[in-house]
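**Q** Chain residues, written in single-letter form:
Number of protein chains: 4
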Amino acid sequence: MTGRTFASDNNSGVHPAVLEAIARANEGHVHAYGDDPYTQDAIAVLRRHFGDDAAIWFVFNGTGANVTALSSVMRPFNAVICADTAHINTDECGAPERFTGSKLIDLPSGDAKLTPEQVRGAVRGVGVEHHVQPRVLSLTQSTEYGTVYTPEELRALADTAHAEGLLVHVDGARISNAAAALGCTLAEITRDVGVDVLSLGGTKNGLLLGEAVVFFDPALVPDFAFVRKQSAQLASKMRFVSAQFSALFEDGLWLHNASHANAMAALLAREAAGLPGVVITQKVEANEVFARVPAEKIAALQAIADFYVWDERTAEVRWVTSWDTTEEDVRGFVAGMREVLGG
Amino acid sequence: MTGRTFASDNNSGVHPAVLEAIARANEGHVHAYGDDPYTQDAIAVLRRHFGDDAAIWFVFNGTGANVTALSSVMRPFNAVICADTAHINTDECGAPERFTGSKLIDLPSGDAKLTPEQVRGAVRGVGVEHHVQPRVLSLTQSTEYGTVYTPEELRALADTAHAEGLLVHVDGARISNAAAALGCTLAEITRDVGVDVLSLGGTKNGLLLGEAVVFFDPALVPDFAFVRKQSAQLASKMRFVSAQFSALFEDGLWLHNASHANAMAALLAREAAGLPGVVITQKVEANEVFARVPAEKIAALQAIADFYVWDERTAEVRWVTSWDTTEEDVRGFVAGMREVLGG
Amino acid sequence: MTGRTFASDNNSGVHPAVLEAIARANEGHVHAYGDDPYTQDAIAVLRRHFGDDAAIWFVFNGTGANVTALSSVMRPFNAVICADTAHINTDECGAPERFTGSKLIDLPSGDAKLTPEQVRGAVRGVGVEHHVQPRVLSLTQSTEYGTVYTPEELRALADTAHAEGLLVHVDGARISNAAAALGCTLAEITRDVGVDVLSLGGTKNGLLLGEAVVFFDPALVPDFAFVRKQSAQLASKMRFVSAQFSALFEDGLWLHNASHANAMAALLAREAAGLPGVVITQKVEANEVFARVPAEKIAALQAIADFYVWDERTAEVRWVTSWDTTEEDVRGFVAGMREVLGG
Amino acid sequence: MTGRTFASDNNSGVHPAVLEAIARANEGHVHAYGDDPYTQDAIAVLRRHFGDDAAIWFVFNGTGANVTALSSVMRPFNAVICADTAHINTDECGAPERFTGSKLIDLPSGDAKLTPEQVRGAVRGVGVEHHVQPRVLSLTQSTEYGTVYTPEELRALADTAHAEGLLVHVDGARISNAAAALGCTLAEITRDVGVDVLSLGGTKNGLLLGEAVVFFDPALVPDFAFVRKQSAQLASKMRFVSAQFSALFEDGLWLHNASHANAMAALLAREAAGLPGVVITQKVEANEVFARVPAEKIAALQAIADFYVWDERTAEVRWVTSWDTTEEDVRGFVAGMREVLGG
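Protein chains in written order, with this note's numbering: chain A, 1 to 343; chain B, 1 to 343; chain C, 1 to 343; chain D, 1 to 343.
Bear in mind the hints are in silico, worked out from the structure with no lab data behind them.
Ideal Cβ placement from N, Cα and C applies to all residues, glycine included.
Possibly wrong hints are sitting among the right ones.
As the list claims (entries may be wrong) - Covered stretches of chain C, as calculated for chain A (at least 3 residues, CB under 8 Å):
{"#": "1", "region": "39-46"}
{"#": "2", "region": "261-275"}
Said to hold, decoys possible - Label pairs and their computed distance ranges (CB to CB):
{"#": "3", "chain 1": "B", "residue 1": "Gly51", "chain 2": "D", "residue 2": "Arg48", "range": "41 to 47 Å"}
{"#": "4", "chain 1": "B", "residue 1": "Asp53", "chain 2": "C", "residue 2": "Ala300", "range": "54 to 60 Å"}
{"#": "5", "chain 1": "B", "residue 1": "Gly336", "chain 2": "A", "residue 2": "Pro151", "range": "54 to 60 Å"}
{"#": "6", "chain 1": "A", "residue 1": "Asp84", "chain 2": "D", "residue 2": "Arg48", "range": "44 to 50 Å"}
{"#": "7", "chain 1": "C", "residue 1": "Glu328", "chain 2": "B", "residue 2": "Gly121", "range": "37 to 43 Å"}
To be verified - Not everything, but these chain D residues come out facing chain C in the computed CB check (under 7 Å):
{"#": "8", "residue": "Thr5"}
{"#": "9", "residue": "Asn11"}
{"#": "10", "residue": "Ser12"}
{"#": "11", "residue": "Val14"}
{"#": "12", "residue": "Ala17"}
{"#": "13", "residue": "His29"}
{"#": "14", "residue": "Thr63"}
{"#": "15", "residue": "Thr90"}
{"#": "16", "residue": "Leu208"}
{"#": "17", "residue": "Leu209"}
{"#": "18", "residue": "Ala235"}
{"#": "19", "residue": "Ser236"}
{"#": "20", "residue": "Tyr308"}
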């Protein structure tokens with residue numbers, strides 16, 4: 001049960017340096033709710049990535065980041081445009097609709113990436129009271145299929161969005177993996193290309209728990225503190241969330257972890273591609289591998305190391321690597337698969 | 001900044017045994033979202049306190065526990081009866097109204113405790129469509145004034161509530177302090193006296209972060225998993241929340257911590273009561289001391305150790321002790337106050 | 001069952017001129033949803049009362065007017081300050097909380113009127129994320145007790161509200177009665193004294209159905225069309241709502257109806273005051289009379305003409321007059337009461 | 001502006017018999033909010049159609065009927081399955097999401113009708129907390145494309161829905177047109193085939209304003225009165241809504257009006273089909289005609305009589321007939337089109 005699997009990067013543990021940072025923050029009393037030096041430090045650390053005027057708010061989890069970010073920039077009659085695969089659309093039990101009172105306009109995408117043409121086509125009924133009014137374009141980076149938007153693609157999407165009167169939100173639960181894949185800084189795929197608000201992932205990349213909402217224009221939502229509190233996303237002992245972010249982002253740990261996870265996915269894809277009956281179905285750009293495998297062998301493969309079946313009808317599976325996946329984990333998994341699949 | 005204060009038990013740190021439990025849980029991969037042995041263990045531990053059929057759900061924070069508990073048992077046209085001092089009424093930025101779509105009917109109380117008569121008087125307009133329909137009586141134990149309901153008082157309130165068609169919710173952010181004060185088990189002041197759903201506090205009593213929602217009748221809300229997820233209160237790396245609960249509740253740590261905090265409050269009240277110009281204004285039954293002090297000396301007193309002014313008009317202040325407050329902290333604070341106040 | 005009662009002005013019928021206006025609007029086809037000449041005419045008519053730049057929106061009912069008006073100027077973490085007797089607080093089944101996601105801060109008032117001191121005292125916790133942020137002062141004119149704010153009182157309240165960063169909403173379900181009582185124009189007790197948004201009543205003053213939301217600064221809520229539609233308050237065959245407003249407000253029908261209702265209340269109060277055991281308990285300034293009567297005679301009095309018992313504990317009753325109440329209705333009711341009460 | 005158009009049946013007026021019923025109800029005082037003989041009569045009239053135990057509630061408009069019906073049978077984590085063309089999905093400005101806090105799962109359909117296979121395919125993730133839980137299948141009858149579900153189709157859909165744990169809602173804004181088209185009673189296409197809750201249209205079929213929510217099992221939502229009130233859909237002078245329903249449904253007026261509108265659509269389709277460049281694109285089964293016309297002639301055609309362009313890219317237009325459309329209206333429109341189109 002405690003072996004490393006390929007089911008989800010949420011199954012991984014906490015990076016030791018993050019645990020140490022928590023322990024170091026455990027000294028005496030500090031003010032609750034973020035009025036403490038650890039939180040000030042974490043904000044300063046993140047501003048070195050995102051700009052001195054970035055407004056940075058820590059929350060508990062990815063759904064919390066997404067729903068507070070979205071609801072803070074929308075009125076209930078607004079709508080969010082997103083890919084049909086988006087986590088906000090399929091994996092948050094309707095939390096975005098619940099918190100925003102709004103509709104998600106979900107667009108089909110074979111690789112989980114949207115195009116400017118799709119976005120333009122989805123902006124309809126503007127100014128007509130019978131129709132929801134699109135207000136946010138939400139992109140996932142890296143996507144739910146492990147693909148990555150290039151800076152140029154993001155810029156084109158952001159330009160389109162802004163021309164249509166939309167703000168750009170990035171669900172960056174795995175944005176560190178995207179930056180690592182692209183060889184970009186975090187700013188180069190967010191602030192610099194026109195992103196307005198970012199859900200900055202921490203949990204999947206080695207934290208115990210914690211995500212951040214980053215507004216690149218602090219004037220966009222001056223009252224986000226209230227949104228966060230009323231959404232039940234304000235930690236009382238905030239220092240223990242903040243200190244993790246400092247540990248992850250002050251030096252290169254975020255990049256180290258993400259690069260490693262990506263490398264393990266690349267290795268797994270490379271090795272698995274040669275196995276009989278295995279077809280890699282998406283570009284492997286970050287830390288996820290999608291593959292079709294022989295349907296009748298799935299159970300035997302899962303017995304080697306756990307993973308999810310993405311689509312039962314097509315026998316497509318998802319393998320996710322993590323910051324703590326080792327080369328041995330990958331090679332062992334592939335060796336096991338070879339035994340099951342032959343070849 | 002890192003000295004121990006009397007501002008809030010949220011300012012305290014994490015008990016070392018809790019940090020150790022987190023570190024021990026940091027082994028390899030386990031399933032995310034609570035399908036893991038640490039969470040199963042924590043539920044088993046809490047069922048030893050609350051009964052084998054208790055339904056137990058971990059969430060991030062106190063507001064999260066309260067709003068998921070309340071909204072799960074209400075329709076939007078229902079209402080919650082509570083004391084005007086209740087945390088849900090004054091300190092959660094309207095989160096209860098936001099999550100439930102409902103009204104809080106807040107009743108005045110000098111000691112933050114409600115009486116059966118008040119509850120009966122607040123149940124009005126039943127069956128009349130123009131009026132919200134009371135559905136939940138929410139009690140805080142120990143209260144926001146540091147007072148404690150006895151088991152007999154709770155039983156009388158629960159009987160009244162049930163007779164009026166209400167469910168009983170307890171906001172137990174400090175329920176361990178109440179149990180310690182009363183010399184009761186946790187069940188004796190919840191399940192055994194008719195409480196239906198409990199927000200079980202962990203953070204203020206030595207956890208890094210984490211609260212639980214406990215339903216004593218699992219049939220009451222069979223679908224709470226969805227409420228929690230849609231409310232953005234489901235941790236992905238759940239094991240690190242759960243392991244803390246095991247550490248706190250498997251042996252007597254919860255009681256040890258709470259008893260200690262209570263003892264420190266009693267000591268502080270005893271010592272402070274003799275200071276010139278200091279009047280203790282509420283019974284000191286748990287880990288909070290309310291006192292009137294000379295208004296012009298408040299700033300000087302806060303310079304010794306931080307605390308909150310509860311009511312500026314009456315110069316009433318609140319001193320909170322924690323699991324990590326030491327006798328030296330208390331005596332040092334009192335000595336400092338004596339210097340400022342004379343006597 | 002079809003006799004005229006003193007239970008509610010909602011029990012009254014439709015003024016014949018209003019029915020005629022509906023019939024006249026029933027010619028051929030016009031665009032739905034308000035893009036029609038009847039609606040343009042009604043807006044023009046109301047702008048003669050409220051100013052050429054007033055933004056005017058028709059909705060179905062009083063609750064609809066209040067919740068769309070309030071929710072359009074608030075974020076969910078904002079709060080509304082109102083009297084505890086306010087219709088939004090007691091008689092709308094929690095609709096304001098449901099639509100706004102927010103809290104009502106209700107203040108006690110013996111005559112249902114608020115004072116600037118009360119408003120100032122209720123604005124607390126500003127800028128502190130734990131507390132709802134007051135954003136709207138909602139006043140009822142005439143009040144639920146039939147009392148009336150003078151223009152000076154309104155100006156003082158509006159000045160206080162604005163100084164505290166609040167907007168001023170008036171629930172004007174009976175604002176015509178207030179204007180009639182004061183000898184003021186509608187603008188003199190709304191726009192001219194600093195009111196920001198008005199729920200303009202029509203139904204109680206002779207319409208079949210219909211209220212309006214009036215913003216005095218059209219820039220305040222430029223997107224109210226969407227709020228109205230999403231709140232299910234947009235009539236498809238709008239012309240039949242609009243035409244009623246033209247009928248009521250283009251000449252003096254609104255004032256005629258309201259003045260008559262007020263006069264009937266004054267007559268009733270005057271005559272009833274002399275009856276044994278009857279004590280008028282509120283100033284009779286508009287079209288409602290509050291009185292204490294002998295508790296044991298209430299049923300016999302209701303048998304003469306229906307009315308509501310306002311407070312069973314004190315045997316206080318409410319008598320409401322309408323645009324269609326006749327002097328004979330009043331004298332007959334009083335004569336009947338005299339028989340029951342003696343004297 | 002007052003000529004009869006083909007833009008929408010919402011552009012039509014009120015049937016004279018309905019106006020007369022309103023005038024007849026305008027006698028003296030009756031209790032407000034539905035406790036009146038007119039409402040009792042209307043409920044009795046509708047029970048003759050829908051069964052003696054049907055629970056019947058009058059609301060203001062179609063969106064109001066849909067959102068109160070849906071939200072009353074759902075929790076926020078539930079979802080509604082509907083066609084992508086459904087009015088609730090495209091034309092209610094997100095009101096369903098706002099009132100239910102939930103997601104609509106919209107399925108593509110060429111003729112606006114769903115199939116049992118589609119419904120089965122859309123029920124996914126049941127019991128898994130990350131995903132919304134489908135709870136309602138919402139069908140529109142007649143559909144937004146003017147097509148009609150047969151009783152057999154409805155029965156198959158309802159059986160599928162019930163087998164999957166779903167309730168069946170019918171948006172019946174034009175259900176009278178469907179019944180007329182099928183030669184069925186209203187019960188035969190609702191209650192008898194397994195529909196659980198119906199939004200019963202009145203406005204489009206000759207009322208001034210008014211829809212009803214009909215539950216075939218009154219135990220399904222025993223507390224709907226509160227849902228309606230809190231949703232701001234309770235009329236104070238209810239008698240004037242109810243009386244219209246009695247007029248429409250007590251004799252055969254509903255059927256007469258709907259049959260006539262259908263006949264006019266059939267005539268229009270038949271005549272227009274022969275015009276150069278006109279292609280009828282959907283089966284004309286109720287009171288709507290969809291057609292492709294030469295794009296460059298659309299403006300000239302609209303100058304004859306107003307109508308909507310359904311899809312600008314394909315030059316598909318929609319012509320709607322109403323209870324008050326005359327044969328002369330149709331023949332005049334066709335004659336005008338012939339002049340514009342030649343032939």
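**Q** That 37 to 43 Å hint for glutamate 328 of chain C and glycine 121 of chain B (C-beta), does it hold up?
**A** For glutamate 328 of chain C and glycine 121 of chain B the Cβ distance comes to about 41 Å; the hint holds.
**Q** Should the hint that alanine 17 of chain D touches chain C count as held when the rule is a Cβ pair under 7 Å?
**A** 12 Å, violated
**Q** Identify whether the interface hint at serine 12 of chain D stands, where standing means a beta carbon of chain C within less than 7 Å of its own.
**A** Because about 6 Å separates serine 12 of chain D from the closest Cβ in chain C, which is inside the 7 Å limit, the hint holds.
**Q** Taking 44 to 50 Å as the stated bounds, is the beta-carbon spacing between aspartate 84 of chain A and arginine 48 of chain D within them?
**A** 46 Å, holds
**Q** Quick one: are aspartate 53 of chain B and alanine 300 of chain C within 54 to 60 Å, going by C-beta?
**A** At roughly 56 Å between Cβ atoms, alanine 300 of chain C and aspartate 53 of chain B fall inside 54 to 60 Å, so the hint holds.
**Q** Restraint: threonine 63 of chain D near chain C, CB-CB cut 7 Å. Satisfied or not?
**A** Constraint on threonine 63 of chain D satisfied, holds at 4 Å.
**Q** How about leucine 209 of chain D: closest beta carbon in chain C under 7 Å, or not?
**A** At 6 Å from the nearest chain C Cβ, leucine 209 of chain D passes the 7 Å test, so the hint holds.
**Q** Min Cβ distance, serine 236 of chain D to chain C: is it shorter than 7 Å?
**A** Nearest chain C Cβ about 4 Å off; hint holds.
**Q** Verify the coverage statement for the region 39-46 of chain C against chain A, using a C-beta to C-beta distance below 8 Å and requiring 3 or more qualifying residues.
**A** Coverage by chain A is violated here, the residue count being 0 at a Cβ distance below 8 Å.
**Q** Less than 7 Å between beta-carbons is the criterion; does asparagine 11 of chain D satisfy it with respect to chain C?
**A** At 4 Å from the nearest chain C Cβ, asparagine 11 of chain D passes the 7 Å test, so the hint holds.
**Q** For the hint on leucine 208 of chain D, just tell me whether its beta-carbon gets within less than 7 Å of chain C.
**A** OK, holds: leucine 208 of chain D within 7 Å of chain C, min 5 Å.
**Q** Less than 7 Å between beta-carbons is the criterion; does threonine 5 of chain D satisfy it with respect to chain C?
**A** At about 5 Å, which falls below the 7 Å cut-off, the nearest Cβ of chain C leaves the hint on threonine 5 of chain D intact, so it holds.
Of the hints listed earlier, those the structure fails to meet are numbers 1, 2, 3, 12, 15 and 20, in rising order.
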